[in-house]
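Engineer: Following the hints, put chain B in place on chain A, whose structure we already have.
Chains as they are written, first to last, in full-length UniProt numbering: chain A, 1 to 420; chain B, 1 to 420.
Just so you know, not all the hints are guaranteed correct.
[Unchecked claim] Taking beta-carbon pairs under 10 Å as the criterion, some of the chain B residues facing chain A (in silico):
1. Arg19
2. Ile108
3. Ile246
4. Arg254
5. Gly346
6. Leu359
7. Ser364
8. Thr376
Hints are computed from structural coordinates only; laboratory data are not their basis. For clarity, every value in this text was computed on a predicted model and none was experimentally measured. Think of the CB as a built atom: it goes at the ideal place given N, C-alpha and C, for glycine as much as any other residue.
Number of protein chains: 2
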Amino acid sequence: MSIETQITEMAQAGKRASRRVAALDTAEKNQILEAIADGLERSTAEIIEANAKDLAAAEENGLSSAMIDRLTLDDGRVKAIADAVRQIVKLDDPVGAVIDEFTGAQGIEIRKVRSPIGVIGIIFESRPNVTVDAAVLCLKSGNATILRGGREAIHSNTALAKVINESGCAAGLPENAIQLIPFTDRAAVPALCQADESVDLIIPRGGRGLIEAVISCSRVPVIKHLDGICHVYVAASADPEMAKSIALNAKVQRPGVCNAMETLLVDRGSADQLPGIAAALHAAGVELRVDPEAADAIGDAAPTVAATEDDWHTEYLDLVLSVKVVDGVDAAIDHINHYGSGHSDGIVSGDAGEVKLFLAGVDSSTVYHNASTRFTDGEMFGFGAEIGISTDKLHARGPMALPELTTYKYEVHGTGQVRG
Amino acid sequence: MSIETQITEMAQAGKRASRRVAALDTAEKNQILEAIADGLERSTAEIIEANAKDLAAAEENGLSSAMIDRLTLDDGRVKAIADAVRQIVKLDDPVGAVIDEFTGAQGIEIRKVRSPIGVIGIIFESRPNVTVDAAVLCLKSGNATILRGGREAIHSNTALAKVINESGCAAGLPENAIQLIPFTDRAAVPALCQADESVDLIIPRGGRGLIEAVISCSRVPVIKHLDGICHVYVAASADPEMAKSIALNAKVQRPGVCNAMETLLVDRGSADQLPGIAAALHAAGVELRVDPEAADAIGDAAPTVAATEDDWHTEYLDLVLSVKVVDGVDAAIDHINHYGSGHSDGIVSGDAGEVKLFLAGVDSSTVYHNASTRFTDGEMFGFGAEIGISTDKLHARGPMALPELTTYKYEVHGTGQVRG
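In isolation and in its complexed conformation, chain A is listed as follows:
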């Protein structure tokens, strides 16, 4: 059987299963989630044994220590995965929530109601915890999933999917509601992305290569996270201590994540704040790549390197920062909309009019006034859990939690109305 045929059959099985998942009530879904969490803990040894095979292969293939760390499961990490499943139990079930209610022509009563999307394909790289996270978030929101993990984690993922299905199905999880693609052939990705008869949404989680492989071939709608080229703009009216504190936090608190700042923009009118900010960043180990005006303003306060055009486009994910002096809020907005990635961008300012312009003008998922960009996160927003952060604008933007894994339908109640 060809890869395409196998994937098509999985997709069709997923679609049939999705009807049964959609029909589960909240208590039934929570019972399944509890059973999956218990099953994961009970099967820790089995999961770690499978993980060891992936780790041995990773060593053999010379994977970086960072990648090996991401791949590694131990008692504590399996327990954390199980606990994360139990967290999902506590979250509100989005399915059935009434979003809006109104009366249409001839008195028909219309209710806009949240409903499951159907079948969601999750394509991800090496972290095996995503296998469980993604599956249970989709389950709680009433969807079936087809999971495609990285080849480096195939043994771990297979073991996790087996435990999810064995413990879940014993507690009422419909068969094929959570499917893992059991082979690592590359052709599985385009096959899944073209199964638009059965698959309703693809969420790719990974680097640019993976995202490109998905969007270049997908007939199924895709919600993606591309880059996090985040900016902080220090306006002339910014409180200097606040500006320094936010810039420092946004860059160094965790430089390897998508909501970390990559470019600092400083208004010409607050260029005198730059030496202090630059010195603090330098002291925290940050390399500064600056435009000529920023270099002048920083002077001897910290060493700098001349920025190239590429720097403004770059997501460093490291202790490196581009710094530029701009002429006012409009120039800051233009820079961000041109070079940014639509993720998270902030202004530090004490001027309400300028803040309003910035928040409306910057075309990003999350725009900040006097707070660090590092807050773009489902947990920080109080969503309890997130499946990712969308840098797209359609359907879901910013942190994606359970409601973003649903669609809606209109339920119309009549008393025999016909159209005249």
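Structural biologist: Same frame as chain A, now just chain B:
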């Protein structure tokens, strides 16, 4: 310059313009809309003259009389297009509306605010009124548009776009906010669908061939209307007069539209209602394609033809109806989810439990209880105007009005919070 380069440049110009459109306030947008409406009326002669060229070509190319009718503009139709623009003035501006407001970690104040999508590509077939409708709906929702009409209407569309831009720009419409692709080369469609650096959404409006051409190549998210294979299910508890009235209305009131019924499902327990319904449909000129059990139930009440498997999949858009007897609400739901198109499906029933099952179980944009499927329409829902009806599940489902032409962003207000 190649087609691809021309389209890329239009897309980039559209993106730049979209920032300026997004910054217009409601009064400014309404003033532009009034100017466009006035301009269209003032230029009626010029528009009709351009339309005459399209009509002459259409006659020469032997287009059907239905297609020629759709293409034709006269004084009354131009007036109707201008009046439709004035209707948009009256609608609420969705931009800036606060969808949700909550407090996140460390007291950050988060507001989820509607904002424009950016650049919307509209690809449509021969009706020239779509040129104006689509452009002004996108404008009111703060978006720039790139319009690609059918080759049959190129002269009409060019004249309309010229009037929109001349009258609009004089009243403050940003340059390139509304662009019509000025040539009919087929390569323009894939070029537009691949310009994902600048174009945020593609809405194709037309037949299956057009939709397929778009989804097979698009890197840009697409919201589409595929088929309208709508069902009415008559349950055992249905009121017979209501069932007959709804079936008749859903089929014959306007058979050529997407929300007309194509398949009637009747519960075995109400098969005795079939002769009356069938006779009424036959009297209205409807050809009945039936399964064996429906044939038996109808008997001599009306002539019937045996349905083939294809019939259950067919959107007739004509006075033809498939009829099938099913075993209860679960069988009805299964049939609809298998053969339907996710558009509009209804149940006629007096049993609340059964209604609940049907409304939750049928995976369609709009599900009806005791009302005709013909109500799926932006106007009937009270939306004032619609850009189309989505049979997709992502972002927008069912009638798409102004709010569905927006996205959202999170505006976060802090007092210097940083992440710990």
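Engineer: Against which earlier hints does the structure fall short, listed by number upward?
Structural biologist: none
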